[in-house]
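Visitor: Assemble chain B onto chain A, guided by the hints.
Next come the chains, spelled out residue by residue.
2 protein chains.
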Amino acid sequence: MDAGEYIKSRVEMVEKAMYPEIPEEPKEVYGMLRKFIERGGKRIRPVLALASCSACGGKEEDALPFAVGIELFHNFTLIHDDIEDSSPMRRGKPTIHMEYGIPIAINSGDALYSIVWSSIVRRATPEKLKGGGMIMTEAFRRVAEGQGIELNWYRENRFDISEREYLEMAGGKTAALIGASCELGAYCAGAERERAALKDFGEKIGLAFQIKDDVLNLTADPAKYKKKIGEDIDEGKRTLITIHLLSNASGGVRKKVAALLGKKKKSQKDIEEVIALAKEHGSIRYASEYAEELVEGAKSSLGALGSAEGRQLMGSLAEYIVQRER
Amino acid sequence: MDAGEYIKSRVEMVEKAMYPEIPEEPKEVYGMLRKFIERGGKRIRPVLALASCSACGGKEEDALPFAVGIELFHNFTLIHDDIEDSSPMRRGKPTIHMEYGIPIAINSGDALYSIVWSSIVRRATPEKLKGGGMIMTEAFRRVAEGQGIELNWYRENRFDISEREYLEMAGGKTAALIGASCELGAYCAGAERERAALKDFGEKIGLAFQIKDDVLNLTADPAKYKKKIGEDIDEGKRTLITIHLLSNASGGVRKKVAALLGKKKKSQKDIEEVIALAKEHGSIRYASEYAEELVEGAKSSLGALGSAEGRQLMGSLAEYIVQRER
Numbered sequence: 070m071d072a073g074e075y076i077k078s079r080v081e082m083v084e085k086a087m088y089p090e091i092p093e094e095p096k097e098v099y100g101m102l103r104k105f106i107e108r109g110g111k112r113i114r115p116v117l118a119l120a121s122c123s124a125c126g127g128k129e130e131d132a133l134p135f136a137v138g139i140e141l142f143h144n145f146t147l148i149h150d151d152i153e154d155s156s157p158m159r160r161g162k163p164t165i166h167m168e169y170g171i172p173i174a175i176n177s178g179d180a181l182y183s184i185v186w187s188s189i190v191r192r193a194t195p196e197k198l199k200g201g202g203m204i205m206t207e208a209f210r211r212v213a214e215g216q217g218i219e220l221n222w223y224r225e226n227r228f229d230i231s232e233r234e235y236l237e238m239a240g241g242k243t244a245a246l247i248g249a250s251c252e253l254g255a256y257c258a259g260a261e262r263e264r265a266a267l268k269d270f271g272e273k274i275g276l277a278f279q280i281k282d283d284v285l286n287l288t289a290d291p292a293k294y295k296k297k298i299g300e301d302i303d304e305g306k307r308t309l310i311t312i313h314l315l316s317n318a319s320g321g322v323r324k325k326v327a328a329l330l331g332k333k334k335k336s337q338k339d340i341e342e343v344i345a346l347a348k349e350h351g352s353i354r355y356a357s358e359y360a361e362e363l364v365e366g367a368k369s370s371l372g373a374l375g376s377a378e379g380r381q382l383m384g385s386l387a388e389y390i391v392q393r394e395r
Numbered sequence: 070m071d072a073g074e075y076i077k078s079r080v081e082m083v084e085k086a087m088y089p090e091i092p093e094e095p096k097e098v099y100g101m102l103r104k105f106i107e108r109g110g111k112r113i114r115p116v117l118a119l120a121s122c123s124a125c126g127g128k129e130e131d132a133l134p135f136a137v138g139i140e141l142f143h144n145f146t147l148i149h150d151d152i153e154d155s156s157p158m159r160r161g162k163p164t165i166h167m168e169y170g171i172p173i174a175i176n177s178g179d180a181l182y183s184i185v186w187s188s189i190v191r192r193a194t195p196e197k198l199k200g201g202g203m204i205m206t207e208a209f210r211r212v213a214e215g216q217g218i219e220l221n222w223y224r225e226n227r228f229d230i231s232e233r234e235y236l237e238m239a240g241g242k243t244a245a246l247i248g249a250s251c252e253l254g255a256y257c258a259g260a261e262r263e264r265a266a267l268k269d270f271g272e273k274i275g276l277a278f279q280i281k282d283d284v285l286n287l288t289a290d291p292a293k294y295k296k297k298i299g300e301d302i303d304e305g306k307r308t309l310i311t312i313h314l315l316s317n318a319s320g321g322v323r324k325k326v327a328a329l330l331g332k333k334k335k336s337q338k339d340i341e342e343v344i345a346l347a348k349e350h351g352s353i354r355y356a357s358e359y360a361e362e363l364v365e366g367a368k369s370s371l372g373a374l375g376s377a378e379g380r381q382l383m384g385s386l387a388e389y390i391v392q393r394e395r
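Heads up: the sequence lines are chains A and B, in that order.
Heads up, the first sequence is in the working numbering, so the first residue is 70 and it goes up one at a time.
Heads up, the second sequence is in the working numbering, so the first residue is 70 and it goes up one at a time.
Derived by calculation from the structure, the hints in this document are not laboratory data.
Any given hint could turn out to be false.
[Said to hold, decoys possible] Listed below are the simulated DSS-like cross-link pairs for lysine-lysine, each with C-alpha atoms no more than 27 Å apart in a straight line:
1) A:128 <-> B:199
2) A:199 <-> B:128
3) B:295 <-> A:199
4) A:85 <-> B:199
5) B:295 <-> B:77
6) B:296 <-> B:332
Every value quoted in this text rests on a predicted model; they were computed, and no experiment measured them.
Next comes chain A alone, as it looks inside the complex (with noise of 0.2 Å):
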């Protein structure tokens, strides 16, 4: 089975289980968040967890209650960055927030956060709970961790951001959840050797994911590319693109370069020029060779698994995943 096609049936297999999760009633309270989770979306993160437990040779049933709880985990992260980010749609459609306006949309997150655990905490064996507890919620703290970071940088009008400062926002605020998933999926097969290296696999895809999608925002065909182009530089948004270009551009181009990030309004012209200077300084290509390095790493990281066939899953998924042009 091809990567697309298994991921199209794992997620049936996670919609299938996820969508009862949400209660009927009150209506007020939760038909908004049966249409949000009913919006879509890549589900990735469950279909590592269901990958992994069958890469490291157990069912994958097994790990179906932790993957639902993953899914919904990142739902309830959605709609409260939507609010944090001020953004206006989400899948096509507006957001929470921008619907029923702020308070709704807080209470509306926080409601999806307790079915997270109402769902793991009932679905769960009781042997596999504390465990894999431990494994989401050290994933949750590290996804707010990442998240409160990166707005603390937004607050403080920061651009002085190191490489390894922005390593670790973005292994909490995207990587973490995603380590956790494929971490889940070993320890649910009972793959105590196997867990460091699918968690470390994780990880690494889900931070390449990460930078491919900043490079994709800068040098993407706008014909088949969903947002505008350079978005990520209009919303001042720190990227390893943009840390490589302040950090290496010399004085004069680095203090433009922070003035252009820094200004409210930006226009088309100021964006463009920043994509030049980044192209220019080599930082676009230093990001994706970056990703790429981190797609090998994870790659081999899977040496650790004993099965040709697991190996060959999710070696295909990494590939899948992180290979995207819109």
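Guide: Same frame as chain A, but now just chain B:
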């Protein structure tokens, strides 16, 4: 030992276990949370959990992981409720969103909710985690449901609330967590037979506490009261008092009250007029008596406890918690 002394010593025990649950790093995420939970509070929920455990013949320390988790959860709800209600102050200091802005305040609450579970999962024994987790997740869901129902009343500008609807809202928003605290105490003592009675006890005193709070808001001695008399009327809060008034006043008066409560900017005279009408229609007396009956009902639930000492401890805590002057 009297109730006041008992509470004081158990608050110390809870705080000693709770404060180290907040990590040190990253400081920009956890520093403000540490300070927030150190602002204090009555800590009635964790104290009731420990007392319920003891009243059922258990060791208080066995209930401590859940007691700490419940108090951390309560603090998380305060951070988000304060954003949702646009409250400027909490425990005599600016709310987190006033100090750091809404995006960081939302994320701080989320970080604290993540700590709730990392604390419980790490500290609870595997044997108790599933059963205790079931009690907690049910309560956490009901808190978000109650808050969601109330936010929806505000959004739709609804005042035609029935007493049944009000009790569902307050039963979730306020009573569920106090009921869960008491039930968890019994559960951790292994007192399966006494769980339902203690849950019922906790929900009743939780609701009584809320209703007394609402009565006090209209009738307290201004010299002793911490808030502004009539603030609830000013904010258009739906309470058992206003619901009784709206359903017992004649047509003309009802319309007038609904119009006054719905006004965006209320004068001091408007507020005083609603309070006078509530007195005239017996609505304040009705709510007071309702709360008293709940306390009596809560005490009779204690009949299920085998230990006379246990009944005495829980009864004196109920009196202490519900009787307040400010």
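Visitor: Which hint numbers does the structure go against, in order from smallest to largest?
Guide: Hint check: 3 fails alone, others pass.
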